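Student: Sequence:
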Amino acid sequence: MNGYFLTDKGQVRSHNEDAGGIFFNQNNQVLAVVADGMGGHRAGDVASNIATTSLHNKWLDAQPIQTAEEAEDWLQRTIKNVNQELYQYALNHEECQGMGTTIVAAICTEEFVSVAHIGDSRCYLSNEFGFKQVTEDHSLVNELVRAGQITREDAEHHPRKNVLLKALGTESETSVDINTVIWEEDDKLLLCSDGLSNKMIDDELVEFVQEPLPLEKAAEKLVTIANERGGEDNISLVLVHHDAPTEEGVS
1 MNGYFLTDKG QVRSHNEDAG GIFFNQNNQV LAVVADGMGG HRAGDVASNI
51 ATTSLHNKWL DAQPIQTAEE AEDWLQRTIK NVNQELYQYA LNHEECQGMG
101 TTIVAAICTE EFVSVAHIGD SRCYLSNEFG FKQVTEDHSL VNELVRAGQI
151 TREDAEHHPR KNVLLKALGT ESETSVDINT VIWEEDDKLL LCSDGLSNKM
201 IDDELVEFVQ EPLPLEKAAE KLVTIANERG GEDNISLVLV HHDAPTEEGV
251 S
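Position 13 of the sequence shown, counting from 1, maps to 13 under the UniProt record's numbering, and the rest follow consecutively.
FYI, nobody ran anything at the bench for these hints, they're computed from the structure. Quick caveat: nothing in here was measured; it's all calculated off a predicted structure. A hint or two may mislead.
Unchecked claim - In silico lysine-lysine, BS3-like type, Cα no more than 30 Å apart, as pairs:
hint, residue 1, residue 2
1, Lys221, Lys132
2, Lys80, Lys221
3, Lys217, Lys80
4, Lys9, Lys221
5, Lys9, Lys161
6, Lys9, Lys132
7, Lys58, Lys80
8, Lys80, Lys132
9, Lys221, Lys161
10, Lys80, Lys9
11, Lys80, Lys161
12, Lys132, Lys166
13, Lys166, Lys9
14, Lys58, Lys161
15, Lys58, Lys9
16, Lys132, Lys217
17, Lys132, Lys161
What the hints assert, rightly or not - The calculated label-pair distances, taken between Cβ atoms and stated as ranges, are:
hint, residue 1, residue 2, range
18, Asp61, Lys217, 27 to 35 Å
19, Thr224, Thr67, 35 to 43 Å
20, Lys217, Arg152, 27 to 35 Å
21, Gln26, Glu153, 42 to 50 Å
22, Asn92, Glu143, 31 to 39 Å
We put the CB at the ideal spot given by N, CA and C, even for glycine.
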């Protein structure tokens with residue numbers, strides 16, 4: 001597998017509250033992560049970095065993943081543990097009270113990908129059947145769309161578009177959405193924060209994901225476009241290609 005992680009603070013924010021990376025366990029299996037932090041006094045970057053670092057460290061010690069059930073169980077247990085770490089950290093550090101982060105994490109094996117997420121950072125899959133969003137945003141506008149109260153087009157410009165219904169670390173307990181998809185040679189995975197997905201529609205994203213470019217160049221093009229369209233938010237993404245072995249990415 002070939003993978004690449006890229007993050008950028010954008011054109012408006014003074015610092016970057018996103019984090020992420022591409023990490024390997026002892027069996028050289030891939031864990032891809034994107035986290036978009038939130039909270040005052042720079043607490044957002046504390047939350048996203050704690051979440052990413054904790055997942056990375058736990059992945060280093062993880063046993064080889066053989067089945068989708070094992071992957072889903074690892075993601076469920078580990079993300080809930082990270083949630084507790086973040087919640088306790090905020091309780092013990094007054095300047096970090098109320099901090100949290102989105103999380104989207106994917107375990108990529110040779111046969112399948114298991115994806116877990118909380119919040120509105122997304123995962124997309126590109127394969128022979130097309131390009132689709134694997135995750136469902138935990139956001140107010142997405143619930144309004146699901147309820148039929150507004151259209152997806154309305155959601156793009158809704159004044160409360162950034163209101164999350166769930167985040168990692170803001171409550172003592174949380175639930176994680178997890179699903180597994182088949183993963184075959186030449187498939188590609190895109191994980192990203194809303195700094196990218198808010199600036200490009202699916203038809204645009206697929207063009208760059210499927211383009212026969214080195215992943216680094218494709219990632220750089222996506223970030224450039226998001227910045228050219230305002231770059232009001234931090235922009236982070238991971239691209240994974242079911243191809244050759246990958247070198248480790250860092251947050």
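Student: Evaluate each hint against the coordinates.
Tutor: Results for each hint:
Only pairs whose Cα atoms come within 30 Å are accepted, and Lys221 paired with Lys132 is accepted, the gap being roughly 20 Å. For a cut-off of 30 Å, the pair hint linking Lys80 to Lys221 is broken: about 34 Å separates their Cα positions. Our distance criterion of 30 Å between C-alpha atoms is broken by Lys217 and Lys80, whose separation comes to about 34 Å. Simply put, Lys9 and Lys221 have alpha-carbon atoms about 15 Å apart, close enough for the 30 Å limit, and the pair holds.
Between the alpha carbons of Lys9 and Lys161 the distance comes to roughly 20 Å, so the proposed pair stays at or under 30 Å and holds. Between Lys9 and Lys132 the CA atoms are separated by roughly 26 Å; this keeps the pair inside 30 Å, and the hint holds. A distance of roughly 12 Å separates the Cα atoms of Lys58 and Lys80; the hinted pair therefore holds under the 30 Å criterion. Pair hint Lys80 plus Lys132 holds up; C-alpha atoms about 27 Å apart against a cutoff of 30 Å.
About 25 Å separates the Cα atoms of Lys221 and Lys161, which keeps this hinted pair within 30 Å; it holds. Pair hint Lys80 plus Lys9 holds up; C-alpha atoms about 28 Å apart against a cutoff of 30 Å. This hinted pair checks out: Lys80 and Lys161 have alpha carbons roughly 26 Å apart, not beyond 30 Å. Proposed proximity of Lys132 and Lys166 is supported: the alpha carbons are some 22 Å apart, at most 30 Å.
Note on Lys166 and Lys9: the hinted pairing holds, with a Cα-Cα distance of about 23 Å set against a maximum of 30 Å. As the CA atoms of Lys58 and Lys161 are separated by approximately 33 Å, the hinted pair breaks the 30 Å bound. Proximity of Lys58 to Lys9 is assessed by CA-CA distance (about 27 Å); at most 30 Å being required, the pair is judged to hold. A threshold of 30 Å between alpha carbons decides the hint, and for Lys132 with Lys217 the separation of about 22 Å falls inside it, so the pair holds.
Of the pairs offered as hints, the one joining Lys132 and Lys161 holds, with about 21 Å between alpha carbons and a cut-off of 30 Å not exceeded. At about 34 Å, the beta-carbon gap between Asp61 and Lys217 stays in the expected band of 27 to 35 Å. The hint said 35 to 43 Å for the Cβ distance between Thr224 and Thr67, and at roughly 40 Å that hint holds. Distance hint check: the CB atoms of Lys217 and Arg152 are about 30 Å apart, consistent with the given range 27 to 35 Å.
Between Gln26 and Glu153 the Cβ separation comes to about 47 Å, which falls inside the hinted range of 42 to 50 Å. Between Asn92 and Glu143, the C-beta spacing of about 33 Å keeps the proposed range 31 to 39 Å intact.
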